[in-house]
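When the sequence shown is numbered by this note's numbering, its final residue is 296 and no position is left out of the sequence of numbers.
Mixed in with the good hints there might be a few duds.
[Stated by the list, open to error] Have a look at the derived ranges for each label pair, beta carbon to beta carbon:
1. V46 x E113: 39 to 45 Å
2. E121 x D158: 36 to 42 Å
3. Q67 x K232: 15 to 21 Å
4. L261 x K209: 29 to 35 Å
5. L261 x N89: 44 to 50 Å
6. M10 x G103: 40 to 46 Å
7. E254 x V213: 22 to 28 Å
8. E154 x K61: 28 to 34 Å
9. N212 x K63: 36 to 42 Å
10. V46 x V235: 23 to 29 Å
In case anyone wonders, no lab produced these hints; they're calculated from the structure.
Virtual Cβ for every residue (Gly too), placed ideally from N, Cα, C.
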Amino acid sequence: MYQIITDSCCDLPYEVLEEHKIAFIPMFITLDGKEYVDDLGKSFNQEDFLEKIKEGGQPSTTQINVGRYLEYFKEYADKNISLLYVAFSSGLSGSYNSARQAIEMLKEEYDEVPIHIVDSKAASLGEGILVLEADRLRQEGKSIEETVDWLEENKGKVHSWVTVNDLKHLERGGRISKTAAALGGLLNVKPIINVSPEGKLQNVDKVRGRNRALKTVVDETMKTIVAPLSQTIYIAYAGDKEAAEKVKEQLLETKNVKGVICYPLGPTITSHTGYGCIAVFSMGITR
(Lines of atoms letter the chains of each structure in order from A and count residues from 1; the text may use other names and numbers.)
(Lines give C-alpha, C1' and ligand atoms only; values in the text may rest on other atoms or scores of the structure.)
Protein backbone atom coordinates (compact mmCIF):
# COMPACT_ATOMS: atom_id res chain seq x y z
CA MET A 1 0.00 0.00 0.00
CA TYR A 2 1.25 3.48 -0.80
CA GLN A 3 0.59 6.89 0.72
CA ILE A 4 -1.28 9.57 -1.22
CA ILE A 5 -0.42 13.16 -0.44
CA THR A 6 -1.71 16.43 -1.88
CA ASP A 7 -1.65 20.12 -0.94
CA SER A 8 -4.25 22.44 0.50
CA CYS A 9 -5.10 23.84 -2.93
CA CYS A 10 -7.20 20.70 -3.48
CA ASP A 11 -9.90 22.34 -1.29
CA LEU A 12 -11.18 19.02 0.03
CA PRO A 13 -12.17 19.48 3.69
CA TYR A 14 -9.74 18.20 6.26
CA GLU A 15 -12.26 15.62 7.46
CA VAL A 16 -12.59 14.13 3.97
CA LEU A 17 -8.84 13.69 3.56
CA GLU A 18 -8.59 12.20 7.02
CA GLU A 19 -11.39 9.73 6.23
CA HIS A 20 -9.58 8.61 3.08
CA LYS A 21 -6.17 8.51 4.83
CA ILE A 22 -4.74 11.15 2.50
CA ALA A 23 -2.03 13.49 3.81
CA PHE A 24 -1.57 17.08 2.68
CA ILE A 25 0.97 19.89 2.69
CA PRO A 26 -0.52 23.26 3.71
CA MET A 27 -0.11 26.53 1.88
CA PHE A 28 0.48 29.80 3.76
CA ILE A 29 -1.44 33.06 3.49
CA THR A 30 -0.49 36.53 4.68
CA LEU A 31 -3.22 39.04 5.54
CA ASP A 32 -2.81 42.32 7.41
CA GLY A 33 0.76 41.39 8.27
CA LYS A 34 -0.18 38.07 9.85
CA GLU A 35 0.63 34.63 8.45
CA TYR A 36 -2.06 31.94 8.39
CA VAL A 37 -1.86 28.21 7.64
CA ASP A 38 -4.34 26.87 5.09
CA ASP A 39 -5.07 23.59 6.86
CA LEU A 40 -8.35 22.91 5.01
CA GLY A 41 -10.56 23.96 7.89
CA LYS A 42 -8.85 22.03 10.69
CA SER A 43 -8.18 25.26 12.57
CA PHE A 44 -8.39 28.02 9.95
CA ASN A 45 -11.26 30.47 10.60
CA GLN A 46 -12.79 30.74 7.13
CA GLU A 47 -15.63 33.06 8.15
CA ASP A 48 -13.26 35.59 9.72
CA PHE A 49 -11.03 35.42 6.65
CA LEU A 50 -13.94 36.03 4.26
CA GLU A 51 -15.17 38.94 6.36
CA LYS A 52 -11.75 40.59 6.13
CA ILE A 53 -11.76 40.15 2.35
CA LYS A 54 -15.23 41.73 2.12
CA GLU A 55 -13.89 44.67 4.12
CA GLY A 56 -11.11 45.20 1.57
CA GLY A 57 -8.38 42.95 2.90
CA GLN A 58 -5.79 41.90 0.32
CA PRO A 59 -4.26 38.53 1.20
CA SER A 60 -1.17 37.14 -0.49
CA THR A 61 -0.11 33.52 -0.83
CA THR A 62 3.24 31.76 -0.76
CA GLN A 63 4.10 28.70 -2.80
CA ILE A 64 5.54 25.64 -1.07
CA ASN A 65 9.31 25.89 -1.20
CA VAL A 66 11.93 23.18 -1.70
CA GLY A 67 12.83 23.03 1.98
CA ARG A 68 9.28 22.27 3.10
CA TYR A 69 8.93 19.56 0.46
CA LEU A 70 12.19 18.02 1.61
CA GLU A 71 10.88 17.95 5.17
CA TYR A 72 7.65 16.19 4.15
CA PHE A 73 9.16 13.81 1.61
CA LYS A 74 12.12 12.77 3.77
CA GLU A 75 9.78 11.26 6.35
CA TYR A 76 8.55 8.76 3.75
CA ALA A 77 11.96 8.21 2.18
CA ASP A 78 13.39 7.32 5.60
CA LYS A 79 10.74 4.61 5.99
CA ASN A 80 10.93 3.54 2.32
CA ILE A 81 7.20 4.19 1.94
CA SER A 82 6.03 4.73 -1.63
CA LEU A 83 4.46 8.17 -2.01
CA LEU A 84 2.12 9.59 -4.63
CA TYR A 85 1.86 13.39 -4.61
CA VAL A 86 -1.02 14.93 -6.58
CA ALA A 87 0.11 18.53 -6.97
CA PHE A 88 -1.47 21.91 -7.58
CA SER A 89 -1.22 22.97 -11.23
CA SER A 90 2.24 23.99 -12.41
CA GLY A 91 0.44 26.56 -14.58
CA LEU A 92 -0.67 28.44 -11.48
CA SER A 93 2.20 27.96 -9.03
CA GLY A 94 5.87 27.11 -8.86
CA SER A 95 5.20 24.59 -6.09
CA TYR A 96 5.23 21.62 -8.48
CA ASN A 97 8.73 22.50 -9.70
CA SER A 98 9.89 22.92 -6.10
CA ALA A 99 8.64 19.40 -5.35
CA ARG A 100 10.61 17.98 -8.27
CA GLN A 101 13.74 19.78 -7.08
CA ALA A 102 13.26 18.30 -3.62
CA ILE A 103 13.11 14.78 -5.09
CA GLU A 104 16.30 15.35 -7.08
CA MET A 105 18.01 16.44 -3.87
CA LEU A 106 16.77 13.33 -2.06
CA LYS A 107 18.24 11.15 -4.80
CA GLU A 108 21.68 12.33 -3.72
CA GLU A 109 21.06 10.89 -0.24
CA TYR A 110 19.01 7.73 -0.93
CA ASP A 111 19.63 4.84 -3.31
CA GLU A 112 15.93 4.80 -4.12
CA VAL A 113 13.36 7.56 -3.68
CA PRO A 114 9.91 5.95 -4.05
CA ILE A 115 8.09 9.22 -4.74
CA HIS A 116 5.83 9.82 -7.73
CA ILE A 117 4.44 13.26 -8.60
CA VAL A 118 1.47 14.06 -10.81
CA ASP A 119 1.01 17.64 -11.98
CA SER A 120 -2.78 17.86 -11.74
CA LYS A 121 -2.97 20.82 -14.16
CA ALA A 122 -5.97 21.73 -11.99
CA ALA A 123 -6.94 23.80 -8.96
CA SER A 124 -9.36 23.60 -6.06
CA LEU A 125 -11.82 20.71 -6.35
CA GLY A 126 -10.55 19.96 -9.87
CA GLU A 127 -7.38 18.83 -8.16
CA GLY A 128 -9.56 17.32 -5.44
CA ILE A 129 -11.37 15.10 -7.94
CA LEU A 130 -8.06 13.59 -9.01
CA VAL A 131 -7.02 13.06 -5.39
CA LEU A 132 -10.22 11.14 -4.69
CA GLU A 133 -9.85 9.14 -7.89
CA ALA A 134 -6.33 8.20 -6.83
CA ASP A 135 -7.73 6.93 -3.54
CA ARG A 136 -10.45 4.97 -5.37
CA LEU A 137 -7.81 3.22 -7.47
CA ARG A 138 -5.69 2.55 -4.39
CA GLN A 139 -8.67 0.94 -2.66
CA GLU A 140 -9.28 -1.19 -5.76
CA GLY A 141 -5.78 -2.58 -5.34
CA LYS A 142 -4.14 -0.73 -8.23
CA SER A 143 -0.39 -0.28 -7.96
CA ILE A 144 1.09 3.17 -7.60
CA GLU A 145 2.33 2.96 -11.20
CA GLU A 146 -1.16 2.06 -12.46
CA THR A 147 -2.66 4.94 -10.50
CA VAL A 148 -0.11 7.39 -11.89
CA ASP A 149 -0.83 6.18 -15.42
CA TRP A 150 -4.59 6.67 -14.91
CA LEU A 151 -4.11 10.18 -13.52
CA GLU A 152 -1.83 11.20 -16.36
CA GLU A 153 -4.27 9.84 -18.92
CA ASN A 154 -7.37 11.41 -17.38
CA LYS A 155 -6.29 14.66 -15.74
CA GLY A 156 -6.94 16.54 -18.97
CA LYS A 157 -10.59 15.53 -18.71
CA VAL A 158 -11.18 17.53 -15.52
CA HIS A 159 -13.36 20.51 -16.39
CA SER A 160 -13.41 23.66 -14.28
CA TRP A 161 -15.94 26.45 -14.89
CA VAL A 162 -15.57 29.54 -12.73
CA THR A 163 -17.19 32.93 -12.26
CA VAL A 164 -16.21 35.65 -9.81
CA ASN A 165 -18.30 38.41 -8.31
CA ASP A 166 -15.51 40.89 -7.56
CA LEU A 167 -13.20 41.90 -10.40
CA LYS A 168 -10.73 43.68 -8.10
CA HIS A 169 -8.96 40.45 -7.20
CA LEU A 170 -8.52 39.49 -10.86
CA GLU A 171 -7.10 42.95 -11.48
CA ARG A 172 -4.67 42.65 -8.58
CA GLY A 173 -3.54 39.25 -9.86
CA GLY A 174 -2.92 40.66 -13.34
CA ARG A 175 -5.76 38.69 -14.97
CA ILE A 176 -7.52 41.83 -16.20
CA SER A 177 -6.54 45.50 -16.50
CA LYS A 178 -7.53 48.19 -14.02
CA THR A 179 -9.67 49.81 -16.70
CA ALA A 180 -11.44 46.55 -17.52
CA ALA A 181 -12.12 45.94 -13.83
CA ALA A 182 -13.58 49.41 -13.33
CA LEU A 183 -15.72 49.22 -16.47
CA GLY A 184 -16.86 45.69 -15.66
CA GLY A 185 -17.92 46.79 -12.21
CA LEU A 186 -19.98 49.65 -13.61
CA LEU A 187 -21.68 47.44 -16.21
CA ASN A 188 -22.16 44.47 -13.83
CA VAL A 189 -20.08 42.26 -16.12
CA LYS A 190 -19.07 38.87 -14.78
CA PRO A 191 -16.23 36.90 -16.35
CA ILE A 192 -16.48 33.22 -17.23
CA ILE A 193 -13.19 31.46 -16.60
CA ASN A 194 -11.93 27.95 -17.16
CA VAL A 195 -8.65 26.08 -16.81
CA SER A 196 -6.64 25.50 -19.98
CA PRO A 197 -4.94 22.20 -20.92
CA GLU A 198 -1.73 23.77 -19.58
CA GLY A 199 -3.39 24.26 -16.21
CA LYS A 200 -3.72 28.03 -16.45
CA LEU A 201 -6.75 30.21 -15.83
CA GLN A 202 -8.19 31.77 -18.97
CA ASN A 203 -11.05 34.21 -19.50
CA VAL A 204 -13.32 32.69 -22.13
CA ASP A 205 -16.47 34.80 -21.92
CA LYS A 206 -18.24 37.56 -20.05
CA VAL A 207 -21.92 38.04 -19.29
CA ARG A 208 -24.08 40.70 -17.68
CA GLY A 209 -25.35 39.89 -14.23
CA ARG A 210 -24.72 37.32 -11.52
CA ASN A 211 -27.62 35.02 -12.40
CA ARG A 212 -26.55 34.74 -16.03
CA ALA A 213 -23.01 33.97 -14.94
CA LEU A 214 -24.18 31.16 -12.67
CA LYS A 215 -26.39 29.76 -15.42
CA THR A 216 -23.47 29.87 -17.86
CA VAL A 217 -21.16 27.75 -15.67
CA VAL A 218 -23.99 25.21 -15.38
CA ASP A 219 -24.58 25.15 -19.14
CA GLU A 220 -20.89 24.83 -19.96
CA THR A 221 -20.48 21.98 -17.48
CA MET A 222 -23.38 20.06 -19.01
CA LYS A 223 -22.13 20.53 -22.58
CA THR A 224 -19.15 18.29 -22.04
CA ILE A 225 -19.90 16.11 -19.01
CA VAL A 226 -19.24 12.38 -19.45
CA ALA A 227 -21.24 9.60 -17.75
CA PRO A 228 -23.17 11.94 -15.44
CA LEU A 229 -24.93 9.06 -13.69
CA SER A 230 -21.62 7.63 -12.49
CA GLN A 231 -19.84 10.77 -11.33
CA THR A 232 -20.23 13.42 -8.66
CA ILE A 233 -20.09 17.08 -9.63
CA TYR A 234 -18.34 19.39 -7.16
CA ILE A 235 -19.07 23.04 -6.47
CA ALA A 236 -16.64 25.31 -4.61
CA TYR A 237 -17.92 28.60 -3.22
CA ALA A 238 -16.23 31.55 -1.54
CA GLY A 239 -18.73 32.65 1.07
CA ASP A 240 -21.85 32.78 -1.10
CA LYS A 241 -23.44 29.47 -0.15
CA GLU A 242 -26.82 30.61 -1.46
CA ALA A 243 -25.37 30.96 -4.98
CA ALA A 244 -23.75 27.52 -4.67
CA GLU A 245 -27.08 25.96 -3.72
CA LYS A 246 -28.72 27.70 -6.68
CA VAL A 247 -26.10 26.23 -9.03
CA LYS A 248 -26.56 22.81 -7.43
CA GLU A 249 -30.31 23.00 -8.02
CA GLN A 250 -29.81 24.00 -11.66
CA LEU A 251 -27.37 21.14 -12.23
CA LEU A 252 -29.80 18.61 -10.78
CA GLU A 253 -32.65 20.02 -12.87
CA THR A 254 -30.63 20.00 -16.09
CA LYS A 255 -29.51 16.37 -16.13
CA ASN A 256 -29.62 13.28 -13.96
CA VAL A 257 -26.30 13.01 -12.18
CA LYS A 258 -24.96 10.74 -9.47
CA GLY A 259 -24.72 13.67 -7.08
CA VAL A 260 -23.62 17.25 -6.49
CA ILE A 261 -21.49 18.24 -3.48
CA CYS A 262 -20.72 21.79 -2.34
CA TYR A 263 -17.55 22.61 -0.40
CA PRO A 264 -16.15 26.00 0.62
CA LEU A 265 -13.43 27.37 -1.63
CA GLY A 266 -10.20 27.28 0.35
CA PRO A 267 -8.49 30.48 1.49
CA THR A 268 -5.49 30.04 -0.82
CA ILE A 269 -7.64 30.07 -3.95
CA THR A 270 -10.06 32.64 -2.48
CA SER A 271 -7.11 34.99 -2.02
CA HIS A 272 -6.95 35.24 -5.83
CA THR A 273 -10.67 35.11 -6.68
CA GLY A 274 -12.29 37.15 -3.91
CA TYR A 275 -15.56 36.75 -2.10
CA GLY A 276 -18.42 35.29 -4.13
CA CYS A 277 -16.45 33.06 -6.48
CA ILE A 278 -18.37 30.00 -7.70
CA ALA A 279 -16.60 27.12 -9.44
CA VAL A 280 -18.03 23.88 -10.88
CA PHE A 281 -15.86 20.80 -11.44
CA SER A 282 -16.63 17.62 -13.37
CA MET A 283 -15.11 14.98 -15.62
CA GLY A 284 -15.78 15.62 -19.28
CA ILE A 285 -14.18 15.21 -22.67
CA THR A 286 -10.66 16.49 -23.21
CA ARG A 287 -10.38 20.18 -22.35
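> Can you list which hints this structure breaks, lowest number first?
Replying inline: 1, 2, 3, 6, 8, 9 and 10
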